[in-house]
Amino acid sequence: MKSALKGIKSHAFGLFNIKHHGKVRRKKPGEIPGTAIHTGVQKLDEVIINLHDFDEEHYHATTLKSIEKSEKYLKKETKTWIQVQGLHDIDRLRTIWDYFEMHPLIQEDIVSTSQRPKVEVYPNVVFVVLRAIMVDSKTGTLTSEQVSIVLGSNYVISFQESDNPIFEPIFRRLNTTGTRLRRYGPDYLMYALMDTVVDHYFVGLDLISEMIEATEENIVGNPNPSELHKIHALRRDLIIMRKSVWSLRDGINSLIRDDIPLISDDVKVFLRDVYDHVVQVIDSIETSREMVFSLYDMYMSSLSHRMNEVMKVLTMIATIFIPLTFIVGIYGMNFDPDASPYNMPELSWYYGYPLAMGLMVVITAGMIWYFYRKKWL
Amino acid sequence: MKSALKGIKSHAFGLFNIKHHGKVRRKKPGEIPGTAIHTGVQKLDEVIINLHDFDEEHYHATTLKSIEKSEKYLKKETKTWIQVQGLHDIDRLRTIWDYFEMHPLIQEDIVSTSQRPKVEVYPNVVFVVLRAIMVDSKTGTLTSEQVSIVLGSNYVISFQESDNPIFEPIFRRLNTTGTRLRRYGPDYLMYALMDTVVDHYFVGLDLISEMIEATEENIVGNPNPSELHKIHALRRDLIIMRKSVWSLRDGINSLIRDDIPLISDDVKVFLRDVYDHVVQVIDSIETSREMVFSLYDMYMSSLSHRMNEVMKVLTMIATIFIPLTFIVGIYGMNFDPDASPYNMPELSWYYGYPLAMGLMVVITAGMIWYFYRKKWL
Amino acid sequence: MKSALKGIKSHAFGLFNIKHHGKVRRKKPGEIPGTAIHTGVQKLDEVIINLHDFDEEHYHATTLKSIEKSEKYLKKETKTWIQVQGLHDIDRLRTIWDYFEMHPLIQEDIVSTSQRPKVEVYPNVVFVVLRAIMVDSKTGTLTSEQVSIVLGSNYVISFQESDNPIFEPIFRRLNTTGTRLRRYGPDYLMYALMDTVVDHYFVGLDLISEMIEATEENIVGNPNPSELHKIHALRRDLIIMRKSVWSLRDGINSLIRDDIPLISDDVKVFLRDVYDHVVQVIDSIETSREMVFSLYDMYMSSLSHRMNEVMKVLTMIATIFIPLTFIVGIYGMNFDPDASPYNMPELSWYYGYPLAMGLMVVITAGMIWYFYRKKWL
Amino acid sequence: MKSALKGIKSHAFGLFNIKHHGKVRRKKPGEIPGTAIHTGVQKLDEVIINLHDFDEEHYHATTLKSIEKSEKYLKKETKTWIQVQGLHDIDRLRTIWDYFEMHPLIQEDIVSTSQRPKVEVYPNVVFVVLRAIMVDSKTGTLTSEQVSIVLGSNYVISFQESDNPIFEPIFRRLNTTGTRLRRYGPDYLMYALMDTVVDHYFVGLDLISEMIEATEENIVGNPNPSELHKIHALRRDLIIMRKSVWSLRDGINSLIRDDIPLISDDVKVFLRDVYDHVVQVIDSIETSREMVFSLYDMYMSSLSHRMNEVMKVLTMIATIFIPLTFIVGIYGMNFDPDASPYNMPELSWYYGYPLAMGLMVVITAGMIWYFYRKKWL
Amino acid sequence: MKSALKGIKSHAFGLFNIKHHGKVRRKKPGEIPGTAIHTGVQKLDEVIINLHDFDEEHYHATTLKSIEKSEKYLKKETKTWIQVQGLHDIDRLRTIWDYFEMHPLIQEDIVSTSQRPKVEVYPNVVFVVLRAIMVDSKTGTLTSEQVSIVLGSNYVISFQESDNPIFEPIFRRLNTTGTRLRRYGPDYLMYALMDTVVDHYFVGLDLISEMIEATEENIVGNPNPSELHKIHALRRDLIIMRKSVWSLRDGINSLIRDDIPLISDDVKVFLRDVYDHVVQVIDSIETSREMVFSLYDMYMSSLSHRMNEVMKVLTMIATIFIPLTFIVGIYGMNFDPDASPYNMPELSWYYGYPLAMGLMVVITAGMIWYFYRKKWL
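Chains as they are written, first to last, in the numbering used here: chain X, 202 to 578; chain W, 202 to 578; chain R, 202 to 578; chain U, 202 to 578; chain V, 202 to 578.
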């Protein structure tokens, strides 16, 4: 985990590579709603369509050239998971959408990759949009991508932006006879996908917590503006994460509460568990945000404290030496001792110089005692 | 987009040209409610009345001299959109209001251009007030104007302050056979107008995000009061935008939830999409507001950091030179060496001057080492 | 409006003349509830009772010596408005209360002039307490007074603290045949009174907005404590205003929602409009409060910026002259050149003085270049 | 009231003498719930039991030796108020509790004197816990004590910590024939007790308002840490007060809304009035809290302003004298005029000294003009 | 209690030894939900299973080797409490879970020791997760551990991480004939366990209150960064505590409101009491948080005040001595008195030196008077 943290530090600032506005491609105002326009960055050369067909007895995984090839699997009584990776090729995606006769607004949402997470119930499908947040194992930073899930009567279709291996543990569980995934319906698969995405948030939050603690240590030692930048970036990242999870809570809640034929009561118990995790994530984000506010306060007071220290040094130097300099100035005056016996007779005293030096030692000692009493030393 | 940003910078401060109070013309307290008084600025020479008549087969657009000319279109089974531009000529508008027998409170709201957005259901019409926020392509700043929509059984009447081309994409879609606009009823047209207005918010938010990022960069480099002014202006602009959208959310929600005969279930699915967008806009505004708060914190701490830097320089200079000046002062004293062997015999030493200089070099070196240890260098 | 603003400035600080606690007379704890005790300041010599009697055909206004004189008007089928001005003479007021058999708690609320605004429904009357906020045309400051309205089946009784002309526009409308005031029932009159009071809030808010803008300009130019006082006063005034409106919202809402026989559905549409205005006032107050918080932030950062400027000047002066003073100090030392060739031979060099001066010019130039690079100049 | 304020100032800080945690005696974790343990300080020598028996015709007050003596009063159809003062003697109290067969949790709450205010409805009694806040007439500070009220079918039992005369006005009203207290049932007596307690909050709030205003004046004149302490204490006191009232609101609200046989509809109208007062108290506390936050801001900016003033003086002194000191330093150098004509020939000029002095006057004038332009003077 | 406080001070900072993220072992994303993985630290050598069997007549406590030994007790009509201590040995725990056929999600939650507190109702058991916070009597710091309770028809099973003696008072009460614990059902036992855990929060809050008060005193005396660290730690600890209690409130509330056959109405009255305590704990946490915010403000203003003091000293020293040093500099100039009568004739005056000294005394006195007037002394 150490290396991940180092990754963060070398990285500009902020966990996400998001210029979260400005460069976003978007449906232009006034264009036909339900127009599918991919608003993200192309992350794959071409769209990959994986198919997982399974029931209690068997499991079969394959990659499809065209969506029509899925027909023989969908016709069977088995459960089918079609995993689509890559959202840049609208024409290819449209073959899938048309094949399953998806509502235009679902199509628009799948490729608009800056959607708020949401759960929407259509007459014969359930549509879920999630934002997956993962730690990139190479750079140690966080990346995020949109995951959309369409749940039908005997199939689940998932859409991802890249071939990120986030769902690999699911493959392993599918490949194991007797797991709940194999026994339960497609609604349980949808749950498993959602659970996986939500579990990844905890990993992201751990990374952020580490960064907060690292920043905290730096701030006290040496409060400099780069720490301030990190605080600012953490603040922004946490706001982005919160946006990603907040609306999910209500969505999952409505899945649990509402009477949706596609989702069985057994699975609802598990969805309640996901709901619990989402609430826990929100709690942790709030906690982290408070800690970041606290970091800012620490930064400001560290700055003030440093300033105080600097001022104390300056004041001590000045307070000690300015009177001394005044005294030596006096005896640098050129009053003519010959003109009058009142004109600086000290200069001709036998112990004049030692006495002057002694006076200055006494003043210095007095000052130091004064500073000691004021607790400046 | 670069030029837009430049436009902003050259502009005084703040995205809106709003002196949002004080100069507002208003119904005087106690005056008859439902009195139509135009509270905005005249933006057009005269009121323009465009009429768009359409159904699945045909589309016809024309400009009307008087509202009575619309009768032949309204009588047909086709759907009619009357687009009124310019709100300064109350007498002209009253001919329209009277023709459609609008409630006095609707009349008052159409011309009171500082209304909160709202959705109101009257016995036989639905009345929607929106605030459109657009990027002015010439100045690169934001402008805003009030858009009111009255939905009747087979017509939509829209009222705008100016001839702003915000709805031009709608014209194009109306002119295309087979679009949902042509197939669906007037409720879908109302939805399309609302959707267009809401989509424009995203463009405005992108502009604000760019400004926040530009300000952020400036602040760290050189925190000066003009940046503070920009922060203050951003804060105000975001509050104004929030006010414009917040109340819209509840309004659209009631359109979806309530049982309104004028709005079909098919259109409600689309209104749910607008609702989603409005919530997303509110989210983004909140995010931007938090970022602006964070900007202020950065500004303050940048100022403090600068002050610290200045103080460190001052303290170093003073700490190094004040003791040295004291020493040279000592040897500038005029104690009479003839009067006593104790009176500054150093002055007559063979290596007196080099020794004094050496002492000062040592002190300076010690100081620099001290600052180095304190990390001030 | 300029003069109004000037009025504010000359005025101590704060828009209200309120010492809002401390001097308040109150029912003592434990005293009989429903005890009518006037808690405000006497603003009139004696209680004035105006009566307005009207229906669609006629309108008659008169001033009553005693409340019994109103009997003949109340008996008729016309609508009657009894306007009571002055709350200090409990005995006189009691004749009115007894005549209309008002509940003791209504009596107490009418004369307790620091009531929260509220709407209460009693078996056969509706009781409304409002706080009117008006701009005093003489001083340009805000004054406030409590307005209570009792709505019965065919009458409205209003209680005010002073003879403030706030309701004069209503008189004019009553005097005009064919207005809704004349045609509708007493519930519409109650609405008209409420609407007038609420509309006055906008005038007050405009004044506050002007003050905020004026303060904003002053702060940047010259942040001094009197501006801070104004900010503090604005903060307090806005809190007071918010308290005055907040509870009104729920009250009016309950008038609209609940099934109250005294209020007709036609008037409810208008009350919905007042409700809208109240919400708009609350919005504006919140906006103003945020702007005032922002003002405080600006004040603090202006102070910090000024401090920075002062520190930079000090540091530049010190940084330039302290080393120079050190150098001139060196050549002021009295080392005996006769005692040794090492003792300050520079003093006897042919170009000693010009060289020393040149050295100092070089140091100064270096410093200035350094400050330029640091952007302190 | 002046003396009260003085009392506060001489007093340490903060209105309450509360070390609100730490010294609190409490039921140990795991002990039997419903265990009555007095958690407060003993304020009386022994428990006093006063009995007030009354109906419309007569009123009788007496002090009981033992609770059994109350039997003859309770058997009658009259209403009985048993006022218990002193909570330290659990054994004595238990005789009362057992006599009335109170629920163990009621017993525990009566003597746990750090209870949150609450209203609880048991099968045949209503149990109310209040926190009374009173101004101590001797010290001018606030004291608080817990008041519990048990309402039965024909009796009210009140428990207080001390013999504080808070309910004396009630005695007087009981002693007056024809008052509502005499005519209404025991529910009205409970209301009267609650009303008295709530009315005392206003007196406490007035005291706090006075303190806020006094502190405000002090802060601007002379911001020193003792003022900061007062702000801190006010902040704490207001939080404590808010805790005391907040939960009361919901409790009273449930008394009004719920269908409780022991409370008649007539009394509910009066409870609505208490509810209103509680909401008003909460409002005032929130207002006061905001004012205290504002005080802190004023304190901080007063400090900053003072610092600015100090810095300006320092900078002016330094800016004026440092260059002058440099100049006099120059002419204190000992370059040998005999060695070269370039070595400070000014020293031998006829007007050398006056010219040097004139130069310094000119520099000083220039500085002052500069400061004047910068508005530092 | 003094020693406890000392314990805290010697301790790093913060009451909890929690590195609350980062080192947490967790179910990996995508793993089978309901997988029991112990996420905490092993606190015991082996899992201990204590059994308490009791009814109104008898009480029997024993330690079980294996869970099957509990069969004879469970079969009887008596109530049985199985207390499991230690969560690290999943295999051992699984024998218990399998014996009672617990839902996989219950299993997961029992050993995931960073659960949010929650109350979940399964078809035939009630499952409660609590976070116990206790003062460690040795170190004086707070420790926390998760306590899970499973309530069945005639048994209660509790799971703890360690053999912490938190429930010992319950043993004593079980051992006493006639207590409610013996008389009531297992639901009362569950209540008693929850009550014990909640009561411990108060002890923790007392400790935090003491720390706040101690920190407050330190801050005013000597604001240094270690106090700031304590404030930061307190802030974090309070956020953690709040998370521990907040969700408990809703959970208990649902136990009271919902119709759960396993919980009798008699026990619900007691659960209402726990609910009350939880609300009181939340209140106290909020109060403490506000006090900690206030502490931070005090810290910052103490720093500012100190800075002010330092600056005043510096300014006074500089303001007094800089002019004096200038004067003595003047009379150190070497203008040639022989060259002109204008060249510093003062140096040869008879009273030149005394006059110069006198001038300086006058200037010093003037300065001191100035400072006195400015209230700097």
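Hints in this document: simulated from the structure, not taken from any laboratory.
One should not assume that every hint holds.
Because identical chains cannot be distinguished in the list, a pair is counted as satisfied if it fits within a single copy or across any two copies.
DSS-like, lysine-lysine: derived pairs with alpha carbons at most 27 Å apart [as the list claims (entries may be wrong)]: (1) K576 to K469; (2) K339 to K273; (3) K469 to K277; (4) K469 to K229; (5) K244 to K469; (6) K229 to K339; (7) K229 to K277.
Each hint, compared with the structure:
Neither within a single protomer nor between protomers do K576 and K469 lie at most 27 Å apart by alpha-carbon distance, with minima of 65 Å and 59 Å respectively. In the homo-oligomer, the alpha carbons of K339 and K273 never lie at most 27 Å apart, since the shortest distance is 39 Å inside one protomer and 58 Å across protomers. Taking the shortest Cα distances, K469 and K277 sit within 27 Å of each other inside one copy (26 Å), while across copies they are farther apart (35 Å). For the identical chains of this complex, K469 and K229 are inter-copy neighbours only, at 22 Å across copies versus 39 Å inside a copy, given an alpha-carbon limit of 27 Å.
Taking identical chains as interchangeable, the C-alpha atoms of K244 and K469 are never at most 27 Å apart, the minima being 34 Å within one chain and 35 Å between chains. Within a single copy, K229 and K339 get their C-alpha atoms only as close as 36 Å, which misses the 27 Å cut-off; across copies the closest is 19 Å, which meets it. In the homo-oligomer, the alpha carbons of K229 and K277 never lie at most 27 Å apart, since the shortest distance is 42 Å inside one protomer and 33 Å across protomers.
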